[in-house]
Structures are given as C-alpha cells and as structure tokens.
Amino acid sequence: KAGVTQTPRYLIKTRGQQVTLSCSPISGHRSVSWYQQTPGQGLQFLFEYFSETQRNKGNFPGRFSGRQFSNSRSEMNVSTLELGDSALYLCASNRGGANEAQYFGPGTRLLVL
Amino acid sequence: QQQVKQSPQSLIVQKGGISIINCAYENTAFDYFPWYQQFPGKGPALLIAIRPDVSEKKEGRFTISFNKSAKQFSLHIMDSQPGDSATYFCAASKAGSNYQLIWGAGTKLIIKP
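Chains A and B supply the protein sequences, listed in that same order.
Taking the numbering used here, the leading residue of the first sequence gets 1, the next gets one more, and so forth.
Taking the numbering used here, the leading residue of the second sequence gets 1001, the next gets one more, and so forth.
Careful, some of the hints might be misleading.
Pairs of lysine-lysine, DSS-like flavour, derived with a Cα cap of 27 angstroms [as the list claims (entries may be wrong)]:
hint	chain 1	residue 1	chain 2	residue 2
1	B	LYS1042	B	LYS1015
2	A	LYS57	B	LYS1071
3	B	LYS1058	B	LYS1071
4	B	LYS1094	A	LYS57
5	B	LYS1058	B	LYS1005
6	B	LYS1108	B	LYS1068
7	B	LYS1112	B	LYS1042
8	A	LYS57	B	LYS1005
9	A	LYS57	B	LYS1042
10	B	LYS1094	B	LYS1015
11	B	LYS1042	B	LYS1057
12	B	LYS1058	B	LYS1015
13	B	LYS1094	B	LYS1071
14	B	LYS1042	A	LYS13
Label-pair ranges, simulated between beta-carbon atoms [claimed, not checked]:
hint	chain 1	residue 1	chain 2	residue 2	range
15	B	GLY1060	A	ARG15	40 to 48 angstroms
16	B	ASN1022	A	GLY40	16 to 24 angstroms
17	B	PRO1052	A	THR14	45 to 53 angstroms
18	A	SER86	B	PRO1008	22 to 30 angstroms
19	A	GLY97	B	ALA1070	24 to 32 angstroms
20	B	GLY1083	A	GLN41	24 to 32 angstroms
21	A	SER70	B	GLN1072	38 to 46 angstroms
22	B	SER1055	A	SER27	33 to 41 angstroms
23	B	SER1069	A	GLU100	22 to 30 angstroms
24	B	ALA1070	A	PHE69	41 to 49 angstroms
25	B	THR1087	A	GLY3	16 to 24 angstroms
26	B	ILE1018	A	LEU83	35 to 43 angstroms
Here's a subset of chain B near chain A, in silico, CB distances under 7 angstroms, partners left out [unchecked claim]:
hint	residue
27	LYS1042
28	PRO1044
29	GLN1100
Since the hints were made in silico from the structure, they are not lab data.
The beta carbon of each residue, even a glycine, is placed where N, CA and C say it ideally should be.
Can you make the complete structure from the sequences, with help from the hints?
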C-alpha cells in the first residue's frame, strides 16, 4: 500500500496570505489528523476528521481550518498567515478505530516571510 | 494534566550500547502510549506502543517499560546502531481517543560508531 502523501512538500508564503495543504491517506483509512511541528512547541494536534466530519480539535485559532472529502482526502487551510505559522505540517491517517496506530506523511514545510 | 514530559533532550550513545529515553505523564486517563521515530525530512514513524495493562513490551531491539503507579514509561534500545540515530518522541492519548496524541518534546539520539 502507498503511504500517506502530502502536497506540496515545501511552500513559501508572505504574511497575510492564505495557504491550503493537501493530504491523501493510506487506502482504506478514513481518519485523518493534522499536526503542527515546530522547534519551540514540538508536535501539536490541530484537528482530526473522520468520514468528512471533524471529530476533535486542538487549541489553535480559527485561522486554522480543515475539511475532508468523501474519498477521505483532507485539506487544511490557514488564513491570514503569521510569521509564527512557519512549521512542518504533518498529516496522519488510520482506520479511525479507538487507539489505532497513526501513520504519518512526510509533511509540508511552510515558511512564512 | 495534558503534558507528557520527555528526557533527556539529547543523548549520545556508543555503538552497541543501550539507549534509554524516559517519559512521565500526569493524566491518569491516558491509556495508550506510543513511541515514534523521526528521521530528518520525514514524518514520525510508529516504533512500538504499550497499554497500561502490561509492564513491558519488546519488539526486536526495542523495549517499552511501563510503570503505572509512577506514571512513567521508557524506551530502551538495545545494541544501539548508527542507523538508530534519529529523534524519538513519546506520546499518550486518552481511552478511546487516539487521534489526539499528546507528545513529548523529543529526544535527539546520536549513536557514535
């Protein structure tokens, strides 16, 4: 099976712009979670989608949003970018059951100038 | 109550030695404790995971030890190899809710040949 794929891998934006990141889960996986990874804050949970519904959300401002499509692919959007949004954004998938292992993609590295 | 504290921040071990990374948690609702390995430019990959009903789990050279009363768990890497050089993260999640992993800060492990 192909692993989790994320596009684009690298992105440079300027403050105030918005960005959309994409994640394709492993075939058969219906749950997609998003994480932000920074040197200062480490890995932080953004949100999780299952069957096109957001099941859980972390402590991030409303500028961070996401959605999931019927084929389980997911996108996350960040509006009005700030310098502090520069990070590695990771997507993980699993089948969605309780305490299942999460499988991560390689991430999208976002740089905000 | 949500934190997972990981130590040390960095670790240098000679080839063939034992690498030990420790984590402590506060929230007694956590019942799933995975360890992830991350190489530069890659997303985290699940290494091994444990639940509180067992005190130890071994997979090859990797062992998790779990102390429920002390609310601590640790990763032991036996016969450490240069290829084990990576950043290791412990994490925890609440019962029935693995999609919101709470992460430790990470340990950068270097195995010297």
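Should the hint that SER86 of chain A and PRO1008 of chain B are 22 to 30 angstroms apart at their CB atoms be regarded as holding? Since SER86 of chain A and PRO1008 of chain B have Cβ atoms about 27 angstroms apart, the given range 22 to 30 angstroms holds.
Starting from LYS1042 of chain B, check that the Cα of LYS1015 of chain B is at most 27 angstroms away, please. holds (23 angstroms)
Run the distance test for LYS57 of chain A versus LYS1071 of chain B: straight-line Cα separation, threshold 27 angstroms. Roughly 26 angstroms separates the two Cα atoms, so the pair holds.
Taken at face value, is the distance from the CA of LYS1015 of chain B to the CA of LYS1094 of chain B at most 27 angstroms? The hint is violated at about 36 angstroms.
Below or equal to 27 angstroms on CA atoms is what counts here, so check LYS1058 of chain B against LYS1071 of chain B. At roughly 19 angstroms apart (the allowed maximum being 27 angstroms), LYS1071 of chain B and LYS1058 of chain B satisfy the hint.
Between LYS1058 of chain B and LYS1015 of chain B, does the CA-CA distance stay at or below 27 angstroms? holds (20 angstroms)
Between GLY97 of chain A and ALA1070 of chain B, does the beta-carbon spacing fit 24 to 32 angstroms? Roughly 29 angstroms apart at Cβ, these two residues keep to the hinted range, so it holds.
Are the Cα positions of LYS1058 of chain B and LYS1005 of chain B separated by 27 angstroms at most? holds (22 angstroms)
Is it true that the CA of LYS1112 of chain B sits at most 27 angstroms from the CA of LYS1042 of chain B? It holds: about 22 angstroms lies between the C-alpha atoms, which stays within 27 angstroms.
LYS1042 of chain B as chain A interface residue, shortest Cβ-Cβ below 7 angstroms: Result: holds, 6 angstroms to nearest chain A Cβ.
Is the Cα-Cα distance between LYS1042 of chain B and LYS1057 of chain B 27 angstroms or less? holds (26 angstroms)
Lying within 40 to 48 angstroms: is that true of the beta-carbon distance GLY1060 of chain B to ARG15 of chain A? Between GLY1060 of chain B and ARG15 of chain A, where Cβ atoms are some 47 angstroms apart, the hint holds.
Hint check: a violation occurs at hint 10 only; the rest are consistent with the structure.
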